[in-house]
Each structure stands twice: as C-alpha cells, then as structure tokens.
Amino acid sequence: MSVLIETQDLQKYFKTPRGWLHAVDGINLKIDEGQTLGVVGESGCGKSTLGRAVLRLQDPTGGKIFYEGQDLMAMNKKEVRSMCTKMQMIFQDPYSSLNPRMSIWQLIAEPMLINHMYKGDKEGLNKKIEELMDTVGLAKRLTHAYPHELDGGRRQRIGVARALSVDPKFIVCDEPVSALDVSIQAQILNLLMDLQRDRGLTYMFITHDLSVVKHISNEIMVMYMGKCVERAPKRELFSNPSHPYTQALLRAIPEPNIDKRGELQVLKGEVTSPINPKPGCRFAHRCPYVRESCLADGVELQEIAPSHFVACPYSSEING
Amino acid sequence: MAKHKVKATAGGGQSQTKEIIRRFKKNRSAMVGLAVFLIICLIAIFADVITPYSNAIDQIKGARLEAPSSEHWFGTDHLARDMFARVIHGSRYSVVFALVVSACALVISVVLGGVAGYYGGWVDNLIMRILDIFMCIPGDLLALCIVAAFGSSLPNLLVALIIGRVPATVRIVRATILGISSADYIEAAQCHGAKDARIIAKYIIPNAMGPIIVDATVNASRIIISVASLSFLGLGIQAPAPEWGNLLASAREYMRTCPWLVYLPGLALVITSLSINMVGDGLRDALDPKIRD
Amino acid sequence: MSEKLLEIKNLHVMYHTDLEDVYAVNGVNLSMKTGETLGLVGETGAGKTTLALSILRLLPDRTGRITEGEILYNGENLLEKDKHTMATIRGKEISMIFQDPMTALNPTQTVGQQIYEALMLHNNANLSKKELWERVDSCLEMVGIPAARRKEYPHQFSGGMKQRVVIAIALCCEPKLLLADEPTTALDVTIQAQVLMMMKNLRDRLGTSMILITHDLGVVAQVCDNVGVMYAGEVIEYGTLQDIFKSDKHHPYTEGLFGSIPKLDEETERLAPIDGLMPDPTQKIVGCSFAPRCPYAMDRCHTEKPGSCNDNGHQIKCFRYTDETAMEVSS
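Protein chains in written order, with this note's numbering: chain R, 317 to 636; chain A, 22 to 314; chain F, -7 to 323.
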C-alpha cells in the first residue's frame, strides 16, 4: 500500500481580537491508499479546520502537505485548483452546502463543468449524471428537483454524488452524517463504505461520534484543542485507549446497553479555545492525572506500541 | 413546526422562482400595487394616444383656472393649460426616472457592493469609507447640491439622483453578499475548483437577488418623490414641462381658490409611489423563506 | 406511589397551514406514574416535540390544533383548562427544557434575574425579595454553577453551562413533572455526560417525574425507566427498559433503529438500516404507518391498522404479535 496523503507539522492559526487561535497545531498524518483515517474530537478541537487545510481550502499557516508525493504547499492557486479532480469533500450540513438555486442535475454537473469534463458532449454528461444518481441511490425522477424539496438523507446523497463526479481518489468527509437521523445515517454510512470498496477511495472521516468513527475507519486520530493526542489503528485504540482524554471520551458515551447503566464517567471542566495556548499539555486543566511537569513543556507524540502514538509521557504509568 | 417543513415526497421540479411567484400572487395588497403600477406605466407609454402632448403645453383661450368639467376633466391651470393632459404626460417623467435611476443605481451598487462584500479586506475598506463620506449627506440633499453646483440639465439630474441613491444600496448589497459568502455551498464550489467569476455569477448573485430587488423597488418609489421635490424647488425638470413636482410648485399660489390643482398631481404622485412600495413589500414577504404562509 | 401522574388518551394533533395539513400526532396513548422517567425515542418528525408541547398547551396558536383526545394530569384534563389556570400549571407543576440552550435564554437579562423571575411568578409562599434571591443562589449551586455567577449574562456562559441555567430555571419551582426535549443533543459528549449525570441526580433528589425526549438510545438506556418508541406520530412500542433493550419481541421499526446504530462494543461489518423514508405527514395513513418500510409487511398491514399487543405491559403495535385491528378513528 502506498501513502496517498501525508502532512508534516501542519498548522493553521487564525487571528482573533484576543490573539492567535491555534486551530490546527503541528499535525502529522499519513493515509494509505484505500484506507480511512477517522478524526475524532469535540467541537472546536480543530478537526474541520484540519480537513479544510489538507485540501488547501483554507491556506495552512505552516507545514507541508503531500498528495502522492507532490507538495501541495509549493503549488500556486491554479495548480491547487486543478487538484480538485483528485481530492474532494463532503460537507456536514446537507441544507446549506447545496446552492438552493440549482437543480439536482446542475448540482451534480457543476464540478464536471467547472473542470471542463465532457466538453461539448452533453449526452455523455447526461449519462454520467444518471450513473452517479444511480450509484448513490437517487431516483431518476428527481433529476430536475430542487434541494429544498428533498429530505436530509437525499440531499446528502447529492453531496456524495457531486463529490464523486470528478472521480477523485481522496475525499474529506466532514461530519457527513451528523445532521441526519440514525436510520438515514446508517444508509449513508453503508453507501460510503460500498463506494470505498468498489472504487478504492481514500477517506479522511471527521466526526464527533466515536461509534461512527469506529465503524468506518481503519485508523483513528483523536484531537484536542488543535493537537493530536492519540493516533492508533482502530482495534488498538478501542482495546487499549492510552491518553487520559481518549479514555474520558470513551467513558462519556451513553451506550444503548442497559448492562452498562450508570457507568458514565464525568470529566470535569470544559473545552476552552486554544488562543495563545500556554506550553505544556493542553488537556492538563481537565486531566485527572495531571502533574506539575505536564504544565511545563511541550508534550510530543510517542510510539507506545506499533503504530500507536500517544501524547502523554505518563500513559504507561496511568494504565499500568 | 420546523420539523415538518421537509416534504417527504418530491420530484415536481417546482423551482423557487415559481414558489416565490405563487406567494406573491397570494398577497392581495402586492397584487393591487402591481396592477396600479402597471396601469400607470401603460398611461405613461400611451400618453400621446390618450391626449396629445400639445394639449399639455398649449394655452386655451379664456379658460384660466377653470374647475374640473366634462371638457377639462382636471380643470385648467393659471396659464390656461389642460391639467388632465399635464398630469397624464407628467407620469412619463416619474416612471422613466424611477426605472432608469433605480436600474443604474442597482447596477453600480451590485458591482461595488459585490466587490466589497466578496473580497473584503482593504478593497472593502476603501469602498465603504468613501461611501461613508457620501452617507453623511442625506441622498436628496446631495442630489440638490450637485444639481445646484453643475446646473439643472437632464444628465446632471440623473447623475445626481443616482449618486444620492448608491451609498445606501451598496450597504445593503454588501451585507447580503457577506451573508451568502459564508454559506457552505460557496466553500463547496471552491472545493470543486470554481473560479471567482463563476462563484459570483452562479452562486452569489442569484442568491443575493431577492433582497436587492426589494431594495430597488423601495428606491424607485423614493426616486419619484425626489424628482418631484427637486422640480418643486426649481432644480429638477424645468417648466413648462409638465412634471408633477412642477405642477405642484406652480399650483401652490392657488391652493385656496383652486385646490384641485394641488390635489390631482399630488394624488398621482402618492398613488404611483405607494403602488411601488406595495409591490416592494409583497416581494420582500414572498422572498423571505422565514415567512411561510 | 402507583398513582397515574399523567395519562394521554388517543391524542391527535395536526398543524393546519394554508399550504397543507400536517398530521403530527396520530392517536397516542401513554401513561406514567409519579416518580417515573419516561423516555420518548424517535427520529425527526416522529411527533415527540409536538406531544410535549401539547401537554403544556404551547402549540403555535395559529397553526397547531389538538383535534381529539385527552391529557389527564392527576386525573384532570389539561385540555379543558383555561389560559389562566394553564399559566399557573406551567413552571409550577409541569415545566420544560428545550433543545437549544443558546436561544432559550434572554440575552439582555442576567441569569440570576431570569431564575428570579421564574421563582417570582409562582411565589405562593410570599417569600421576601431577599429570600427569593437566596433561592436563586441555591438553584444555581444545585446545577453546579457558583452563585457568584448569577450577575453574568448568558453570552458569558458556555453551551453546557447555559443548559445548566436552563435546567435551573425549569427546576427552581420544583415542578412535579419535567419535560426535557433533547436536553443534551446540542452538547459535546463529555459535557453531555456531565449534564446527564446532573439531571439524574437532581431527579432522584427532588423526586421529579420526567419525560425525556431524545433520538439517542444510549441516553435512554442511561436515564429512563420506561420507553416509548415513536414513529409517524404514534407510539409503536412501549415497555420497560428491559422490554426494549433485552426482549426478543420488537416492533420492526425498533429493530431497525437498533440495527442502524454502530456499536462501540462489537464489530459490525455492515449496518442494517431501515430502507426508505418517514411517510409524508401531510397524508392520512391507512394501515400501519411503518408498512411501506417494513421487511415483514403483510397484505393486511397496508389496509388495517394493527392494535396493540400487550405482554405484561410491553406493548407492540404490530400484526406479528397481535391479530387485533385498532379501533378505527372516527373522522
């Protein structure tokens, strides 16, 4: 398997009246072709910004991004634009991510028209759209319907068809099922997994829902306040969660299982925003195991097991 | 209630435009306003058929300040001219000015406001600060100054009125576009590699048109009043042209003895302006997705 | 304590607009005892919120209408109460927490003032101003907010903290029944855990009965005693936690709901979602409302409405378990 996407020390800072917001702060990741990296975290942890920075939809402040070894940061605007036939995105909100003035046909055709595909070949374009609608499970009679006439699930299918239209290899899925009801959510998850199997797609799957990320990913990255706190293959992460934050996150989920009633563990405090963050571990103020040295110096990711990285120097003590 | 907005069945292909037209049609006062305005437009277009222009200018011997009668429906003025012909031909000025000035102001504002709203940064700052200077002076007063300074020719009058309207409209356009540029579908378009020109033409303008058109109608009704006010002050259309403001100005002296000379052109002015306003209100309600029947 | 606190009988609610009629609640029967926590689960448009608003008679005046049924609170029909009586019941007897804490608070008043106001409206004991402010402080501390923060405005609070304030307002008059509409949906998981645990503790301490509306089966498993599963304006399955989470007998929709959730503690290759969509709420449904999506649908499911099978309180509206047809609604 070859590496499709790689970032090195990727940073994205925003200027706010109170100082620099370190939304994404030194993220290193690698995604192999045909694999899914799940990115989990709570709101404001920088996961959506990371997805956008990887596509250079938001220009990173620093660091490097490689697509099949090509350095995206070295490209000019025009070259980045041409990359959109290889890298695509599916958005969270199926209501606001579709232009209300376009019909489904126009919405799906748009990326192909922008990239001059099927130029002068209207028949080919129509056939392709029909094919795409069939792939994502949209009935043909909806071709000329408008988004406001459809429910959330169908709208999200348009979002998927639109992303697929340029035959990309890599898709950033930014909370694609969060706005949907559970039964519809399952339909879309199945669709995404089928597409990956049939087309060998590579996903970066951003979500706040651990059960969803567990279902769809091969590898999982947990983010907290712009930093990666833990990264591991799925099974390893769930069987051996090592960072205190990952553990807290897992124990905070109410599971639909009455044998586990009353096992919710409450983490004190709240997420604050990483504006001019102090050195040291960003989780320190909520961490039940906090020590003085946690506040002092930057905490680096360490490999504690094969491919299992944790940004906590005391993880072995805590778990041991 | 919001939860039930999503319709489970679909496929009709009913576009938003149709939906807007449907909602507009349901609004009775808007439809009345539209009908009245269309009638006024027809009167303006066919003014010569209704009564020749010469009737509005030529004096009728021995018929000075006559009350309305079957011969002169609206009476005659102090220079013995037929008021009916004058009011009818006066509609041409109002309608033409309303349409031309609001259209020009609209185009200029969409360009300026669009650039300011979409690009932001220093361009935005530059445009908005210059317009802020214009905003300090009320639109009508600004127009008055320009006409007073450069003379009251027709082109000067047009330019003055346009400049008077542009700053406020640019603000509305900019605010609308700022709102739309932050929508997810703009980001989606960027993600598909769309260039700025395409995003502006296919995404921003169609979605911004609603509030902007509403503003243009409000502008049109204000312009009718502005033209009349300038003429009333002697700085607009020059006598003997039968502009409604002129009619009012010259009728001022005879208000006690011949009130119809004031009432009739005044009424024409009010009805025209009101009808456009009613259309504008109707459009605003029809275009606002938050007001759902 | 086996008295029925709330009993809903054959409730029908519709929204009437110029465009269409929406049948939001179609014949709901429910009852709950004092001290019980009832979970109402269902997806968007199942009629959960409408049901809660009907109990408080807070349906939008112009469009919402209760067309049939009774809502008995302590044996008295709330639908027959006049406006004034309802106002005294709201807050004092029954209160509600809304989904979005961001919009439920008045941005121009301090949180202290907002709690104070709620207390003052139902100040039957004629407490003095000072005593009332002491109550405000104790209410804030009850939900885990330092009393000193009562002088702050809502925008100075985070989402989780705002929801705590909303809960404090809802509980300050110690209502007998609390309607919580998706109280933690807008919150992050770690904050959700905090708020859920706090609600659970407060409920136990104050002895409040609660109806918890949610789409999250996990939340139900944590907090509720009994569960009603709603679909297309009907309660299609009702039972204890054991019945819903452990029994083999289920309504096909409930099965689908469980099949749709990715599990944390087991590996699933593929989810088993429910095909299709919720029926159009503007159409009156003939037969079982779930029939078009149901994998077990028989011919009669499309033409007759199934009655309720009752297995020791575990009720399922499905012809797989009962032969009875529902009493046809008089129309």
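Hint data in this document are derived by calculation from the structure and do not stem from the laboratory.
Just to be clear, a hint being listed does not mean it is correct.
With a straight-line cut-off of 30 Å between C-alpha atoms, the simulated DSBU-like cross-links for lysine-lysine are [said to hold, decoys possible]: (1) R:LYS443 x A:LYS223; (2) R:LYS380 x F:LYS143; (3) A:LYS39 x R:LYS393; (4) F:LYS168 x R:LYS550; (5) A:LYS46 x F:LYS255; (6) A:LYS46 x R:LYS444; (7) A:LYS47 x R:LYS443; (8) F:LYS238 x R:LYS394; (9) R:LYS576 x F:LYS255; (10) A:LYS39 x R:LYS443; (11) A:LYS46 x R:LYS331; (12) R:LYS485 x F:LYS192; (13) F:LYS276 x R:LYS576; (14) R:LYS394 x A:LYS223.
Verification of the supplied hints:
1. Distance restraint check for LYS443 of chain R and LYS223 of chain A: the Cα-Cα separation of roughly 23 Å lies within the 30 Å cut-off, and the hinted pair is therefore satisfied.
2. A distance of roughly 47 Å separates the Cα atoms of LYS380 of chain R and LYS143 of chain F; the hinted pair therefore is violated under the 30 Å criterion.
3. At most 30 Å may separate the alpha-carbon atoms for a hinted pair to count; LYS39 of chain A and LYS393 of chain R exceed this at roughly 39 Å.
4. Restraint check: the Cα-Cα separation between LYS168 of chain F and LYS550 of chain R comes to about 46 Å, which exceeds 30 Å; the hinted pair is violated.
5. Restraint check: the Cα-Cα separation between LYS46 of chain A and LYS255 of chain F comes to about 52 Å, which exceeds 30 Å; the hinted pair is violated.
6. Restraint check for LYS46 of chain A and LYS444 of chain R: not satisfied, since their Cα atoms lie roughly 39 Å apart, outside the 30 Å limit.
7. Taken as a hint, the LYS47 of chain A and LYS443 of chain R pair is broken in the structure, with Cα atoms around 40 Å apart against an allowance of 30 Å.
8. With a C-alpha separation of about 58 Å, the suggested pair LYS238 of chain F and LYS394 of chain R falls outside the 30 Å cut-off, and the hint is violated.
9. Restraint check for LYS576 of chain R and LYS255 of chain F: the C-alpha separation of about 13 Å stays at or below 30 Å, so the hint holds.
10. With a CA separation close to 28 Å, the supplied pair LYS39 of chain A and LYS443 of chain R stays within the 30 Å bound.
11. Distance hint between LYS46 of chain A and LYS331 of chain R is unfulfilled; the C-alpha atoms sit about 48 Å from each other, more than 30 Å.
12. About 47 Å separates the Cα atoms of LYS485 of chain R and LYS192 of chain F, which puts this hinted pair outside 30 Å; it is violated.
13. Between LYS276 of chain F and LYS576 of chain R, the direct Cα distance comes to roughly 40 Å. Violation of the 30 Å bound is thereby established for this hinted pair.
14. Of the pairs offered as hints, the one joining LYS394 of chain R and LYS223 of chain A holds, with about 20 Å between alpha carbons and a cut-off of 30 Å not exceeded.
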